[in-house]
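Undergrad: So the protein lines, in turn, are chains A and B. Counting with this note's numbering, you get residues 1 to 317 for the letters of the first sequence. Counting with this note's numbering, you get residues 1001 to 1658 for the letters of the second sequence.
If you are wondering where the hints come from, they were derived from the structure by calculation, not from laboratory data. Errors might be hidden in some of the hints.
[As the list claims (entries may be wrong)] Restraint-style ranges between C-beta atoms, simulated for each label pair: (1) Leu-301/A x Val-1630/B: 27 to 35 Å; (2) Ile-1034/B x Ala-7/A: 50 to 58 Å; (3) Arg-1621/B x Phe-290/A: 45 to 53 Å; (4) Leu-301/A x Asp-1290/B: 30 to 38 Å.
[Said to hold, decoys possible] Reference listing, derived: stretches of chain B covered by chain A, where coverage requires no fewer than 3 residues with Cβ under 8 Å from a Cβ of chain A: (5) 1428–1441; (6) 1511–1519.
Computed from a predicted structure; not experimentally measured. For each residue, glycine too, the CB sits at the ideal point set by N, CA and C.
Chain by chain, the residues run as shown.
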Amino acid sequence: MPILPFASQFLETLLAVLAAPLLIGWVNQCRAWLQNRSAPGLLQPYRVIRKLFRKESVLAQNASPLFRLTPYVVFGSMILAVSIVPLVATGLPLSPVADVIALVGLLAFARVFMALAAMDVGTAFGSLGARREMLVAALAEPALLMVFFMPSLIAQSTSLTTIVETLAHRPFALYPSLAFAAVAFVMVLLAENARIPIDNPATHLELTMIHEAMILEYSGRHLALMEWAHALKLVIYFTIGIALFLPWGIAEAGNWIAIPLAIVALAVKLAVGGAALAVLESVSVKLRIFRAPEFLATAFLLAVLGMLTHVLLGAGT
Amino acid sequence: MLGIVSFWLALGVLGLSLGRERDGVRLLYPASAIASGLVAWIAGHALFLPPASLVLPLGLPGLPFHLRLDSLSAFFLFVLGLATTGVSLFATGYFRTGATASPGLTFLQYHVFIAAMALVMLADDAYLFMVAWETMAVSSYFLVTSDHRHEAIRGAGFLYLVVAHVGAITLLLCFGVLQGFAGSYAFDAVRGVAIPPVWASVAFALALAGFGAKAGFLPLHAWLPEAHPAAPSPVSALMSGVMLKTAIYGLLRVSLDLLHTPSVAWGVSALGIGLVTALFGVMFAAVQTDMKRLLAYSSIENIGIVLAGIGLAIVFHAYGMHALAALALLAALYHCLNHAIFKSLLFVSTGAVMHATAQRSLGRLGGLIHRMPWVAWTALVGTLSIAGLPPLNGFVSEWLLLQAFLLSPELPNSYLRMLVPVATAALVLAAAFAGYVMVKFFGVVFLGQPREPSLQDAHDADRWQRAGMLFLAAWCVVLGVLPVFALRALDTVTAFLLGTGLGDALSGDWLFVTPATAERASYSPMLFLAVIVGALAAVYLFVRVRYRMRTRRGAAWDCGFPAQTPRMQDTAEGFGQPIKQIFEPFFRIERSMPDPFDTAPRYWSRTEDRLWYGLYLPVGRAVRWLSALVARLQHGRIQWYLIYSFVTLLALLVLIRV
Chain A
1 MPILPFASQF
11 LETLLAVLAA
21 PLLIGWVNQC
31 RAWLQNRSAP
41 GLLQPYRVIR
51 KLFRKESVLA
61 QNASPLFRLT
71 PYVVFGSMIL
81 AVSIVPLVAT
91 GLPLSPVADV
101 IALVGLLAFA
111 RVFMALAAMD
121 VGTAFGSLGA
131 RREMLVAALA
141 EPALLMVFFM
151 PSLIAQSTSL
161 TTIVETLAHR
171 PFALYPSLAF
181 AAVAFVMVLL
191 AENARIPIDN
201 PATHLELTMI
211 HEAMILEYSG
221 RHLALMEWAH
231 ALKLVIYFTI
241 GIALFLPWGI
251 AEAGNWIAIP
261 LAIVALAVKL
271 AVGGAALAVL
281 ESVSVKLRIF
291 RAPEFLATAF
301 LLAVLGMLTH
311 VLLGAGT
Chain B
1001 MLGIVSFWLA
1011 LGVLGLSLGR
1021 ERDGVRLLYP
1031 ASAIASGLVA
1041 WIAGHALFLP
1051 PASLVLPLGL
1061 PGLPFHLRLD
1071 SLSAFFLFVL
1081 GLATTGVSLF
1091 ATGYFRTGAT
1101 ASPGLTFLQY
1111 HVFIAAMALV
1121 MLADDAYLFM
1131 VAWETMAVSS
1141 YFLVTSDHRH
1151 EAIRGAGFLY
1161 LVVAHVGAIT
1171 LLLCFGVLQG
1181 FAGSYAFDAV
1191 RGVAIPPVWA
1201 SVAFALALAG
1211 FGAKAGFLPL
1221 HAWLPEAHPA
1231 APSPVSALMS
1241 GVMLKTAIYG
1251 LLRVSLDLLH
1261 TPSVAWGVSA
1271 LGIGLVTALF
1281 GVMFAAVQTD
1291 MKRLLAYSSI
1301 ENIGIVLAGI
1311 GLAIVFHAYG
1321 MHALAALALL
1331 AALYHCLNHA
1341 IFKSLLFVST
1351 GAVMHATAQR
1361 SLGRLGGLIH
1371 RMPWVAWTAL
1381 VGTLSIAGLP
1391 PLNGFVSEWL
1401 LLQAFLLSPE
1411 LPNSYLRMLV
1421 PVATAALVLA
1431 AAFAGYVMVK
1441 FFGVVFLGQP
1451 REPSLQDAHD
1461 ADRWQRAGML
1471 FLAAWCVVLG
1481 VLPVFALRAL
1491 DTVTAFLLGT
1501 GLGDALSGDW
1511 LFVTPATAER
1521 ASYSPMLFLA
1531 VIVGALAAVY
1541 LFVRVRYRMR
1551 TRRGAAWDCG
1561 FPAQTPRMQD
1571 TAEGFGQPIK
1581 QIFEPFFRIE
1591 RSMPDPFDTA
1601 PRYWSRTEDR
1611 LWYGLYLPVG
1621 RAVRWLSALV
1631 ARLQHGRIQW
1641 YLIYSFVTLL
1651 ALLVLIRV
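My request is simple: use the sequences and hints to build the entire structure.
TA: Following this line, the structure appears as structure tokens:
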């Protein structure tokens, strides 16, 4: 068994896991600048996570083992997810484990555990958050799958590696279906990562909160893992978007020389994407919770329209 | 195989003879479970054997009973055997206390029901098939109404009986069409003749309606959410898990085996009905407040997904795209097997909950994970499976079906190609809402705080119940983690029905499921699970070593609100509310809002099926009107009847003269 691909897989995953809070820090910094505030340091999320790890964990009286297990399950799922998505190089040993459909399933797996843990303590906020999260997911998940299906149809494959290699090698052309998919994907990204306009990451204690309501009862190391997993999830969505819509610059399997360049390319893309997210969040307002389904239904319809466009314009030529 | 069927019947009679001795009867269930295990074992082997037939000198003169065991019936017998093993084990513990009037009678009905289902799958002529089919319907009717003191249960049973018989009449007509061309009721004769396309389509439509009445395809679903929850839980498990599959079996038998000239129109109609059924089922499951009704609606959803898979397979088959047809059919069959297992598991777990708490309304449960850990954790496995989450079994079949959909742009008809994105969208929407429904189910029943004080005394399942649930949960995991072996076995069925299976695509690495090529798509649940568990363990160890794991118990935080009661948790109603709001036009909702100045406000709402009011009630009124007309002839006076006979005689004589 060749050791090199596995070592590269391990390093890539480790790098992604360690660097994940950096992206959150960058987005927060950009937001602060846009709002004329003095920004917290880029490393602030790390400090928060370290602080939480050192604190003791306070469990609610009637928390079940499921509640204690969930942070580890969610974190473990995110590690698997980040090792499936091609970040800097394709042809990773773990990428055949799950294709895009299984990746969506994996994210759903983590989410169901989070929702169940939120209902476990039995508080009003927890169950409310779980219900809202599942509703958002029930509409966002199909949209995400439909988004994935368009590049899959173009590449004739649902494997991320094949999709990325196909798309990166094509001459730059405008696919109308991919444009639809990209818009729908951004909408799903905002919803799934608890961003404005669906949820507000900067609030705590607000009647319309979703993500914060779910992790309200967590503290100490459990909360640290949840926050870290949340940061990882944002990285995963960003890198999926990059892999599908901006794959240029990624290193081919076995091409070791291209890797430093690929790392730089990825860092630049992530930085631009994070800044764009901050702008998007600063110029839009949070929707009422009852309007969220409309927002997500729009994303879903856009994705379906994109797929129809793809079929109408002939199979991906 | 016949031996076991007769063993079941004999066991049933033995149980009846024991009559009211509850414990004596109860201990016969494990014997029945062993027999079921044997059925599964033999059927698993028969999958790979050539068809074997047998003619029994029973039945009508000149029409003996034909039996046949081929791959298709072997697969469904395997499903039956596996599910009944777990359910019978569970039933040993479940029928411990007085759920029904006479345990011996219930025992007999239970076994007649199982044996009839097995005979349906073994029958090789229309006569035996209909006899077994009706026996199955009637025995399950008695099981449904075993708690016949409640009026609602009697009503549910009656509705079930009516729909079952409408379906049976349709099936009789379907077999009549087949017999008209073949000249014999034996299936072998039907296989041999070519039926003109128009009549073949008529037969298919009749079969779709007849089997649809049993499987709960829209709009013939109304009995299902009434009848399944009314039965004792092990029987609900068998009805949802296995009996619905006999309808799928029949549909496959008629459409792909007996009528071997499928047309695209059949496939498209099956696909359409399947997807509408799936969406309908999941929407209604989301607004239910009774846990067994919720599961019954979820069965409608899953059957819809299976039908959609069959429809897609027929479309591909009609266009001669055999590998794709095999993929779609494989997905549908695997979903049948998976659904049989996780739905049985969830129904028996609701049985354990009802046993312990005497509650079935979601509004009065909660927090049972503390009192009933065995039931809760096995039900969690079932919940994750039915929600279609990797690495469990429900995901594998949905994944295969989506792969089949993604390959469909290769279809030669451009209208169909445009339909496919819409169909895919409907399928993924149904799958995603299934996750919502199952979080509601598990979260409200098992998590949170107990909503009633009496729940504090709930007891966990006993040994037999645990054994049954563990058996089913283990199969959920095994079929989810090692799907390649199961798929290879299932491939014999697709090869039997379509002429070609997937074959080579499955012969590769046992770790990876690859429906076409490895570049195209691959999924490895085993590695999937291994990586998650490995990462989980590594993180746990790291946190444990690096940071001392200090933990303290305290009151729940909940943003510091001081006064919290269990009633403040989100209820099943609350969980249904957003769905009601989004899909409002599809429901018939009545609600009453309390007055803002009311000191003791009460809010109620009732969500009902529009089809019930739009379709069933008018039909019922029409039947009543017709029978009222007929009733005018009946006066109860003998002279009138004599005049009727006389007039009839005269009319007949005149008719013959002319």
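Undergrad: Now, for every hint given, state plainly whether the structure supports it.
TA: Evaluated hints:
Between Leu-301/A and Val-1630/B the beta carbons are some 52 Å apart, a value that contradicts the proposed interval 27 to 35 Å. For the pair Ile-1034/B and Ala-7/A, the beta carbons lie near 52 Å from each other, so the given range of 50 to 58 Å is met. Under the hint 45 to 53 Å, the C-beta atoms of Arg-1621/B and Phe-290/A, about 39 Å apart, miss the expected range. Distance hint check: the CB atoms of Leu-301/A and Asp-1290/B are about 33 Å apart, consistent with the given range 30 to 38 Å.
With 10 residues having a Cβ less than 8 Å from any Cβ of chain A, the stretch 1428–1441 of chain B passes the three-residue criterion, so the hint holds. Evaluation of the coverage hint for the stretch 1511–1519 of chain B: fulfilled, as 3 residues show C-beta separations to chain A shorter than 8 Å, against a requirement of three.
When the structure is compared with the earlier hints, violations turn up for hints 1, 3 and for no others.
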